[in-house]
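Participant: Residues per chain, in single letters:
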Amino acid sequence: MFELPSILLADAGGLMNLKACLILAGAIFSIGAWGVVARRNVLIVLVSLELMLNAVNLVFASFARMHANMPHAAGNATAGEDGQIFALFIIAVAAAEAAVGLAIVITYFRNKETVDTRDMNELKQ
Amino acid sequence: MIDFAFIVAAVVCVLSGATIVSRKNPVYSVVFMLPFFLAMTTLFVLLGATFLASIQMIVYGGAILVVFLFVIMLINLRPEELREDFSMVSWFLSCLGAGFLAAIIALFAQRGTTSDMELKFASKVVERANGSIFGSIENLAYPLFEKHMIPFELASVLIVVATLGAVLLSKKKI
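As given, the protein sequences belong to chains P and V, one line each in that order. Residues in the first sequence are numbered from 84 upward in steps of one, following my numbering. Residues in the second sequence are numbered from 17 upward in steps of one, following my numbering.
To be clear, the hints were calculated from the coordinates, so they are not data collected in a lab. In this text the structure is predicted, and so the values were computed from the model without any measurement. Where a beta carbon is used, it is the ideal one built from N, C-alpha and C, also for glycine. Take these hints with a grain of salt, some might be off.
Said to hold, decoys possible - Cut-off 25 Å, straight-line C-alpha distance, at most; resulting in silico cross-link-like pairs (DMTMM-like, lysine to aspartate or glutamate):
1) V:K187 with P:E180
2) V:K40 with P:D202
3) V:K187 with P:D165
4) V:K163 with P:D165
5) V:K40 with P:E196
6) P:K195 with P:E180
7) P:K207 with P:E196
8) V:K187 with P:E196
9) V:K187 with P:E205
10) P:K195 with P:E205
11) V:K40 with P:E180
12) V:K187 with P:D202
Unchecked claim - Not the full set, but computed from the structure, chain P residues with beta-carbon under 7 Å of chain V:
13) A144
14) I168
15) G184
16) M203
All chains should be modelled from the sequences, with the hints used to inform the complete structure.
Facilitator: Take a look at the structure:
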C-alpha cells in the first residue's frame, strides 16, 4: 500500500467543508447554465455543458467524501465509493456527448457555413 | 495548507469559468478550459478522489479539450465573422439569474448544513476497516466490477455507439 502525500494527512483549518464545496459547485453550475442559455455560439454552448457536468462531478465527489466520514460508515470497507463511480460514468457520458455534439457541429457548418444559433431556424419556418 | 490549495483552486475555477463563457472567440474559451480542468483536478485530489482526479485529467484535459481544439481548427472561423453575441434581453435575464444565485448562496451560507455534516473532510484520511484507502483504484474496482457491472458494460456500448455516430456524421455528405 502506498503512502499518501503529507498534504492529505495534515490537519486543516477547516475551511474546506461540505458547504464550501457545494457553494463552489453551485457557482460553477450557474456559470455553465448561463453560458448555455445566453451564448449564441454553438461551440461555447458545448463548452458550457462541460462546465455544468464538472460541477455535478464535484458534488458527487464531495458527498462521497462526506459519506465515507460518517460514523455509521466506519465498518464499511467501500462506503462512499459509489459516488465516485457515478462521477466516472458522468465523465464517460460527457466524452460521448462531446464527440457526437462536435460531429453535428461540423456537419452543420459544412452545409450551412455558420455556428450561430440564430441562424439555426429551419424548423421554425 | 489544504485551505490555501482549496481557495486557489476555487478562485481559478470560478475565474476561468467566467472567462470561458464570456469570450467572443471560442478559441480563448477552449484554451481557458485547461486551467479550469487543472483546478478541478486539484479539488478532486483534495477530496481524496485520487483515481477520479487522474481520470478527469486524462479524459477532459487530454481528450475532450483536444477534440474541441480540432473542431475549431476544422471550422476555421475568422474573427471578423463572429457576430455580437449578447442582446439586451439576455443581459437582463443574466442579471436576474445572478440575483437568484446570490440569494440561494446567501441563504445556504446563512442556514448551512447541520453540524453533523460540517465535516472537515479534507483534513484526514478515512480510516477503513481493512486498511484500504478511500478513493484508491482497489477500492473503486470492486464496486465497479461487482455492484455496477451492468452500467459499466452499458457505458462501453454507449461509447462505441457514440464513436460510430461521430464517424458517420462527419464523414458522409448529409
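Participant: Decide, hint by hint, whether the structure agrees.
Facilitator: Quick rundown of the hints versus the structure:
{"no.": "1", "hint": "V:K187 with P:E180", "result": "holds (18 Å)"}
{"no.": "2", "hint": "V:K40 with P:D202", "result": "holds (17 Å)"}
{"no.": "3", "hint": "V:K187 with P:D165", "result": "violated (38 Å)"}
{"no.": "4", "hint": "V:K163 with P:D165", "result": "holds (9 Å)"}
{"no.": "5", "hint": "V:K40 with P:E196", "result": "holds (18 Å)"}
{"no.": "6", "hint": "P:K195 with P:E180", "result": "holds (22 Å)"}
{"no.": "7", "hint": "P:K207 with P:E196", "result": "holds (19 Å)"}
{"no.": "8", "hint": "V:K187 with P:E196", "result": "holds (17 Å)"}
{"no.": "9", "hint": "V:K187 with P:E205", "result": "holds (23 Å)"}
{"no.": "10", "hint": "P:K195 with P:E205", "result": "holds (11 Å)"}
{"no.": "11", "hint": "V:K40 with P:E180", "result": "holds (23 Å)"}
{"no.": "12", "hint": "V:K187 with P:D202", "result": "holds (23 Å)"}
{"no.": "13", "hint": "A144", "result": "holds (5 Å)"}
{"no.": "14", "hint": "I168", "result": "holds (5 Å)"}
{"no.": "15", "hint": "G184", "result": "violated (9 Å)"}
{"no.": "16", "hint": "M203", "result": "violated (14 Å)"}
Of the numbered hints given earlier, the model fails hints 3, 15 and 16; all others are met.
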